[in-house]
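Going down the list, the sequences are from chains U and L. So in our numbering, spot 160 of the first sequence is number 153, and the numbers just go up one at a time. So in our numbering, spot 69 of the second sequence is number 146, and the numbers just go up one at a time.
FYI, nobody ran anything at the bench for these hints, they're computed from the structure. There could be a bad hint or two in this list.
In silico contact screen, one side only, chain L against chain U (beta carbon under 8 Å); selected entries [claimed, not checked]:
id, residue
1, Tyr89
2, Val106
3, Gly144
Cβ-Cβ distance ranges computed for the label pairs, FRET-style [as the list claims (entries may be wrong)]:
id, chain 1, residue 1, chain 2, residue 2, range
4, L, Arg124, U, Asp79, 31 to 37 Å
5, L, Leu107, U, Asp79, 37 to 43 Å
6, U, Met152, L, Leu107, 24 to 30 Å
7, L, Ser130, U, Gln126, 37 to 43 Å
8, U, Met82, L, Glu150, 33 to 39 Å
9, U, Lys94, L, Lys126, 15 to 21 Å
10, U, Val133, L, Val106, 27 to 33 Å
11, L, Met78, U, Asp79, 43 to 49 Å
12, U, Asp79, L, Glu150, 37 to 43 Å
13, U, Asp137, L, Glu112, 30 to 36 Å
14, U, Asp137, L, Leu135, 27 to 33 Å
15, U, Asp116, L, Leu153, 26 to 32 Å
Below 25 Å or equal to it, Euclidean Cα-Cα: the simulated SDA-like pairs (lysine to any residue) are [claimed, not checked]:
id, chain 1, residue 1, chain 2, residue 2
16, U, Lys94, L, Lys92
17, U, Lys150, L, Asp85
18, U, Lys147, L, Ser143
19, L, Lys94, U, Val136
20, L, Lys92, U, Val134
21, L, Lys125, U, Phe90
22, L, Lys94, U, Val149
23, L, Lys121, U, Val149
24, L, Lys134, U, Ala89
25, L, Lys121, U, Gly108
26, U, Lys151, L, Gly144
27, L, Lys92, U, Leu124
28, U, Lys105, L, Ser143
29, L, Lys121, U, Pro97
30, U, Lys94, L, Glu108
31, L, Lys94, U, Phe107
32, U, Lys147, L, Lys92
33, L, Lys121, U, Thr99
34, L, Lys126, U, Arg143
35, U, Lys105, U, Lys94
36, L, Lys109, U, Ala89
We put the CB at the ideal spot given by N, CA and C, even for glycine.
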Amino acid sequence: MSHQAAVTVVVTLNQTQKPILVLRGAKFEKLGMMREMTRQKRVDTVFRQIVTALTTAASSGQETLPGVLKWTPNLCYSIDIMVSRDIVMITWQDAAFSFEKSLPATFPEPRKTFGVIAHEAEDYIFIATNLYQSSQINDVVPVDGMLIPRDAIKEVKKMSELS
Amino acid sequence: MVRVSWNDAVLYGPKNKATELTRMETVGVLEKNTEDFIVIRSPKTTRKKDDSSHPNKLPDFYFIPSGMIQNVEVVL
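Work the whole structure out from these sequences, hints included.
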């Protein structure tokens, strides 16, 4: 039997401030403070709070915690927080394959992908290449993009820095 | 023969709100090892999550960027 639906995690900035995010099982409620934090680009703080809250739930003996924890990465997209508004060019090396019978004389060139960095994870950067303005949250959210492994990235450059 | 475990880039879209890189595994003959790539001859590449082949038709060479590689092991 799963108790996941009964699990509730409240995320707050600190003990004296209002909750910014309430997780009830698989659902979440986004509260006003979240939008303000988005404006302040304090995204990392939000996710630290989420992880801390879930970890606390774990220490209290919630049997379903692994099921709750797996929601954490999804949440960062569900709430559609944008890290930055700068348009950047990411130069990175993609994998490739060849149907030539002999080894090609030249190897694949690095790719250049243009967009807005929507999220930075430990092992990748999520660059949004197509966004829309949501009237519901009064903010832009990613529609299309790419998760690029960090170690495959050669350079990240703001468009304003390109000559 | 070598087995290369690596993380591929992932397209994000309305039908695939990806939140993690795609774990891949390529088995084949080590053709070349450069600063930027490991090149595998006669590769067989599979996505770990569903064991599907990539691409569907087997290529002759696979270029795996060093920055995507997690592990390389010799297999018999």
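Now for the hints, and whether the structure bears them out:
{"no.": "1", "hint": "Tyr89", "verdict": "holds, 4 Å"}
{"no.": "2", "hint": "Val106", "verdict": "violated, 11 Å"}
{"no.": "3", "hint": "Gly144", "verdict": "holds, 3 Å"}
{"no.": "4", "hint": "L:Arg124 x U:Asp79: 31 to 37 Å", "verdict": "holds, 33 Å"}
{"no.": "5", "hint": "L:Leu107 x U:Asp79: 37 to 43 Å", "verdict": "holds, 40 Å"}
{"no.": "6", "hint": "U:Met152 x L:Leu107: 24 to 30 Å", "verdict": "violated, 39 Å"}
{"no.": "7", "hint": "L:Ser130 x U:Gln126: 37 to 43 Å", "verdict": "holds, 40 Å"}
{"no.": "8", "hint": "U:Met82 x L:Glu150: 33 to 39 Å", "verdict": "holds, 36 Å"}
{"no.": "9", "hint": "U:Lys94 x L:Lys126: 15 to 21 Å", "verdict": "violated, 31 Å"}
{"no.": "10", "hint": "U:Val133 x L:Val106: 27 to 33 Å", "verdict": "violated, 47 Å"}
{"no.": "11", "hint": "L:Met78 x U:Asp79: 43 to 49 Å", "verdict": "holds, 45 Å"}
{"no.": "12", "hint": "U:Asp79 x L:Glu150: 37 to 43 Å", "verdict": "holds, 40 Å"}
{"no.": "13", "hint": "U:Asp137 x L:Glu112: 30 to 36 Å", "verdict": "holds, 32 Å"}
{"no.": "14", "hint": "U:Asp137 x L:Leu135: 27 to 33 Å", "verdict": "holds, 29 Å"}
{"no.": "15", "hint": "U:Asp116 x L:Leu153: 26 to 32 Å", "verdict": "holds, 31 Å"}
{"no.": "16", "hint": "U:Lys94 x L:Lys92", "verdict": "violated, 36 Å"}
{"no.": "17", "hint": "U:Lys150 x L:Asp85", "verdict": "holds, 22 Å"}
{"no.": "18", "hint": "U:Lys147 x L:Ser143", "verdict": "holds, 12 Å"}
{"no.": "19", "hint": "L:Lys94 x U:Val136", "verdict": "holds, 9 Å"}
{"no.": "20", "hint": "L:Lys92 x U:Val134", "verdict": "holds, 15 Å"}
{"no.": "21", "hint": "L:Lys125 x U:Phe90", "verdict": "holds, 18 Å"}
{"no.": "22", "hint": "L:Lys94 x U:Val149", "verdict": "holds, 23 Å"}
{"no.": "23", "hint": "L:Lys121 x U:Val149", "verdict": "violated, 32 Å"}
{"no.": "24", "hint": "L:Lys134 x U:Ala89", "verdict": "holds, 14 Å"}
{"no.": "25", "hint": "L:Lys121 x U:Gly108", "verdict": "violated, 33 Å"}
{"no.": "26", "hint": "U:Lys151 x L:Gly144", "verdict": "holds, 22 Å"}
{"no.": "27", "hint": "L:Lys92 x U:Leu124", "verdict": "holds, 15 Å"}
{"no.": "28", "hint": "U:Lys105 x L:Ser143", "verdict": "holds, 18 Å"}
{"no.": "29", "hint": "L:Lys121 x U:Pro97", "verdict": "holds, 18 Å"}
{"no.": "30", "hint": "U:Lys94 x L:Glu108", "verdict": "holds, 13 Å"}
{"no.": "31", "hint": "L:Lys94 x U:Phe107", "verdict": "holds, 19 Å"}
{"no.": "32", "hint": "U:Lys147 x L:Lys92", "verdict": "violated, 29 Å"}
{"no.": "33", "hint": "L:Lys121 x U:Thr99", "verdict": "holds, 22 Å"}
{"no.": "34", "hint": "L:Lys126 x U:Arg143", "verdict": "holds, 21 Å"}
{"no.": "35", "hint": "U:Lys105 x U:Lys94", "verdict": "violated, 28 Å"}
{"no.": "36", "hint": "L:Lys109 x U:Ala89", "verdict": "holds, 14 Å"}
Consistency with the previously given hints fails for numbers 2, 6, 9, 10, 16, 23, 25, 32, 35, ordered from lowest to highest.
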